[in-house]
Amino acid sequence: MLRYFIKRLGGAIPTLFIIVTLSFLLIRIAPGGPFDQEKSLPPEILANLRSAYGLDQPLWQQYTHYLRSLSHGDFGPSFRYKDFTVTELIGQGLPVTAEIGIAALILALTLGILAGTLAALRHDRPADYTVMALAVAGIAVPSFVVLPLLGLLLGIYLRWLPVAGWEPGSIRHLILPIVALTLPPLAYVARLTRASLLDVLQRPFIRTAFSMGLPLHTVILRHALRPALVPVAGYLAPAVASIMTGSLVVESIAGLPGVGRYLVQGALNRDYTLVLGMVILYSVVLIGMGLLVDLLYAWLDPRVRFER
Amino acid sequence: MTDNLWSMARRRLLANPGARISLGILVALVALTVIGPWLNPNRAETLDWSFIAADPGIAHAHWFGTDRLGRDLYVRTLAGARVSMTVGLVASIVSLTLGLMYGAIAGYVGGRTDDVMMRFVEILGGLPLIFFVIFLTVVFGRNEYLLFVSIGAVGWLTLARIVRGQALSIRRQEYIEAAIASGAGTARIICKHVLPNVIGPVIVYATLTVPQIILLESFLSFLGLGIQEPRASLGTLIAQGAGEMEAAPWILLAPGVYLTLLLVCLNVFGDRLRDAFDAGTRR
Numbered sequence: 001m002l003r004y005f006i007k008r009l010g011g012a013i014p015t016l017f018i019i020v021t022l023s024f025l026l027i028r029i030a031p032g033g034p035f036d037q038e039k040s041l042p043p044e045i046l047a048n049l050r051s052a053y054g055l056d057q058p059l060w061q062q063y064t065h066y067l068r069s070l071s072h073g074d075f076g077p078s079f080r081y082k083d084f085t086v087t088e089l090i091g092q093g094l095p096v097t098a099e100i101g102i103a104a105l106i107l108a109l110t111l112g113i114l115a116g117t118l119a120a121l122r123h124d125r126p127a128d129y130t131v132m133a134l135a136v137a138g139i140a141v142p143s144f145v146v147l148p149l150l151g152l153l154l155g156i157y158l159r160w161l162p163v164a165g166w167e168p169g170s171i172r173h174l175i176l177p178i179v180a181l182t183l184p185p186l187a188y189v190a191r192l193t194r195a196s197l198l199d200v201l202q203r204p205f206i207r208t209a210f211s212m213g214l215p216l217h218t219v220i221l222r223h224a225l226r227p228a229l230v231p232v233a234g235y236l237a238p239a240v241a242s243i244m245t246g247s248l249v250v251e252s253i254a255g256l257p258g259v260g261r262y263l264v265q266g267a268l269n270r271d272y273t274l275v276l277g278m279v280i281l282y283s284v285v286l287i288g289m290g291l292l293v294d295l296l297y298a299w300l301d302p303r304v305r306f307e308r
Numbered sequence: 001m002t003d004n005l006w007s008m009a010r011r012r013l014l015a016n017p018g019a020r021i022s023l024g025i026l027v028a029l030v031a032l033t034v035i036g037p038w039l040n041p042n043r044a045e046t047l048d049w050s051f052i053a054a055d056p057g058i059a060h061a062h063w064f065g066t067d068r069l070g071r072d073l074y075v076r077t078l079a080g081a082r083v084s085m086t087v088g089l090v091a092s093i094v095s096l097t098l099g100l101m102y103g104a105i106a107g108y109v110g111g112r113t114d115d116v117m118m119r120f121v122e123i124l125g126g127l128p129l130i131f132f133v134i135f136l137t138v139v140f141g142r143n144e145y146l147l148f149v150s151i152g153a154v155g156w157l158t159l160a161r162i163v164r165g166q167a168l169s170i171r172r173q174e175y176i177e178a179a180i181a182s183g184a185g186t187a188r189i190i191c192k193h194v195l196p197n198v199i200g201p202v203i204v205y206a207t208l209t210v211p212q213i214i215l216l217e218s219f220l221s222f223l224g225l226g227i228q229e230p231r232a233s234l235g236t237l238i239a240q241g242a243g244e245m246e247a248a249p250w251i252l253l254a255p256g257v258y259l260t261l262l263l264v265c266l267n268v269f270g271d272r273l274r275d276a277f278d279a280g281t282r283r
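Chain order of the listed sequences is A and B.
Using the numbering used here, you'd call the opening residue of the first sequence number 1 and step up by one each time.
Using the numbering used here, you'd call the opening residue of the second sequence number 1 and step up by one each time.
Hints were generated in silico from the structure; no laboratory data involved.
Check the hints yourself; a few may be wrong.
[What the hints assert, rightly or not] Only pairs whose alpha carbons sit at most 20 Å apart, straight line, appear in this in silico SDA-like list of lysine to any residue:
| no. | chain 1 | residue 1 | chain 2 | residue 2 |
| --- | --- | --- | --- | --- |
| 1 | B | Lys192 | B | Arg119 |
| 2 | A | Lys7 | B | Thr97 |
| 3 | A | Lys7 | B | Ile123 |
| 4 | A | Lys7 | A | Val285 |
| 5 | A | Lys82 | A | Gly54 |
| 6 | A | Lys7 | B | Lys192 |
[Stated by the list, open to error] Where chain B lies over chain A, by a calculated footprint (3+ residues, C-beta under 8 Å):
| no. | segment |
| --- | --- |
| 7 | 18-30 |
| 8 | 172-184 |
Glycine residues also receive a C-beta, built at the ideal position from the N, C-alpha and C atoms.
With the rest of the complex left out, here is chain B (with noise of 0.2 Å):
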């Protein structure tokens, strides 16, 4: 049979129209997003003097509109998305192998160990872990890379949880067993035998982590703790665009449409593939 887990959860996947429109769509936001600053002559942060908080048209380069300081539009919805896309990928990067590590470790090596290291997630679970996000980024003042780490090391929690079940269930198959009884450690089990065995099913969970470490990054761009000016954030967008709504709605309107977009897409395609897979371990 040629009929393996995959192309069976891809097949059913993509008999599914929500999944292929979401996918779709998600494949024109991310080409739009990588291509689409070089069709305008416009850049990100520079200021067009002549075009203060302009109308968005065709008939002049700032297709969106402009802000207050005349900056484009356009451009910057694009820049503030690639920041998004960037930390979407690089945060959920972090808390994958995070928590495949630590959700690994905890389900072999199992007992004990693994009392200890779920009460700690699951205490971790209970804490309002926004508030320490936001008290992170005003201790270690606003730097990117910490902003990238510490969105990350919020979303591993869930991935732990889902790795380590795995784990468990993995760790009575005879492989394993035959692993142990040919004198192989306890380390090179883990990384030759129980990661490669847990791997898909997570990164198929891994993908609905995505949407949320997006959201987190705009939300503490919102706040101005994210992503700082000049810079263009969704986030930083769409506070400037709400607070100028009356008098500049156009300012809110892209990013705030795009972001809407790419959360709704996110976590449609990530939901059926979810299902696909779902629907492929219960056969």
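In isolation and in its complexed conformation, chain A is listed as follows (with noise of 0.2 Å):
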């Protein structure tokens, strides 16, 4: 079990330097520089600035000077924040994505693994069908079309929740940016559940569980769920995965202080070591969820466990 872990641990970390090496080279491949939209500076300037960050090194140069500084944890400096430093950016912002974010996946899962369970008890019956119908639209539609719906039904008509911006500490802001980003992994995590509970109700081991006179919670809670979750554990990457890239709208329509907005402002500014910090940050987050699910399989599922 260690050991698979410490191996997939140690794959995780080629597949990192791959994303960053593409990512460089591809944003570097764009035409553009980050100093292009100052107007008219002096070719005196230019060059100055140009060296002062470095890019009048060749390519390669640049390359190994970027990944050796990675190596001591420094991202560089942004260079179109003047004065900040890309970690001082993403450390400003990251706590306000985290908070969302997190409570976005931590509500999706309960709400979506309890509506699935409802469904699947209720099968085939008025529960079942409103359920379903409910993840289908929450599947279909997108968090920033959610939003800003939302935000007209709840914040302009109904005047109930504020509809953008954001105040240290205030909840009731976070309230709707959260809603949109949990709705279309809620209605995923129902439809999952649902399923994969449906299947495992048929299977042998629970039809014995029953005959023993076990109640239903307890079946349910003790037998059913564990195995059924499986597939849902699968759907973990994916949903962070859409929490972020749903958080990249969400922030700016809610006008939150988040990282979202870095990833596509630093690229068409061509901030080079904003994206590329914006870049490391999620696929970190993604990989690392990534063997979070592994070891949540092997939980969830002991043929895992021994198969290794």
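Make one complex out of these two single chains by using the hints.
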């Protein structure tokens, strides 16, 4: 088990290396540079700027230099936000993004598993149809449509919640963004849980459990749910990816000072270090999720444990 | 027996109320999108200075109101919807072709080739592809054809997996053996025998990639990486509407409701279509 985990961890580092290298090359192939929009810079000043940031060196030297500072945990200075390092920018925005993202993930998992279990237990009855109809809508409609429409309804017509904006410590401002991020993965988790629980409930060991006179909640909680959650665990990494891509737009609609805007803005501004920092941040989160899923698999399904 | 897989699946599909309703709404949306713009005198990119950010209403010709530049939102929403439908169709065909070729070769040739090809798909599938699409659009400029291709290039992965699975099972059928015995080459067998036999179920799955692709296009346009002003796309209209929600809520309403309806109906219909065919193969 531990050996398997270490092996997977070892595999993650080359993946990260490839992602960093590819992104480094891609953003450098892009025409234009980080100082383009500051109009009519005298050539001497431009040359000074470029040499101050090391852009006048050959590409491979910049690349090895970047990797070397990365290995010390230094993401370099931002090219656009003067006087800020990438670490500072991400450090300021990440708490907000992480707060709404983790809240959305936890809500999506708990409510999704609950709704899916309810639908499976009321199979082919109104509760099942309601959950499934809502799930289709949740899967189909992305967060960047849900959030403005919810804002229109709850914020502007009913005036219950603020539409956008952010105040430190104010939870009311975070409700709509969290709901918008939660709905798509919630719908998916509900559907997965329902389908897999329906499948598990057909199996002989469940019949045995019932025939031994165990009450329904014991059968579900102690016996059925654990194997039924294997596909849900597999969906964890895609769920995190969906929440992260959702946060790119949700933060900009809701005016939250998270890190979501840095990826697209950084790429458009050719803020090389900022984009790479964001790519590394997202990749580390996703790869970490993948490792966590492997551990969960082993916990949920004992066969995985003995195989390796 | 005249009952073949297709007619049975069609009957099962049309017996389902969800499928009937979603199909009806989809047909209505397509009809509105195709002929709707001709019913209104306004054009998508002309500015009407006497109606700046006008309320929706039937008293004037701007039924859904206008935006800050006096552009008619009814016509712009439908223009955006045309973009979404075109992208959905073209990019789906791109990903269908790619997925068919790739999956058929991997599944039919098998062995090492299969291992390497599917490992590649697996690696790509594990990456957050949206970031790569963002990168691609940034690197190669905001070109609409490139948009189609890069979106289609994301969609083919699942299709390739499905095609491969089908091709693997076809590989052992007698008619393939007969074709090999009569001296047909690999390329000929794939084109003449494997592809025609996998295409049916695969098209069913492809209907489920259409809403995903439409979603991706509007997402990119929302971020400002897809369709560019002054042309309209549902994504750019929603972005514009979200920005002016408090002062002019109607800007958001038409494109938001249209995209929601389109995506929900496409998903429901695709689900029901798959169910109808799955039940057919089980029997």
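- Task: Could you tell me which of the hints above the structure violates, numbers in ascending order?
- Result: 1, 2, 6 and 8
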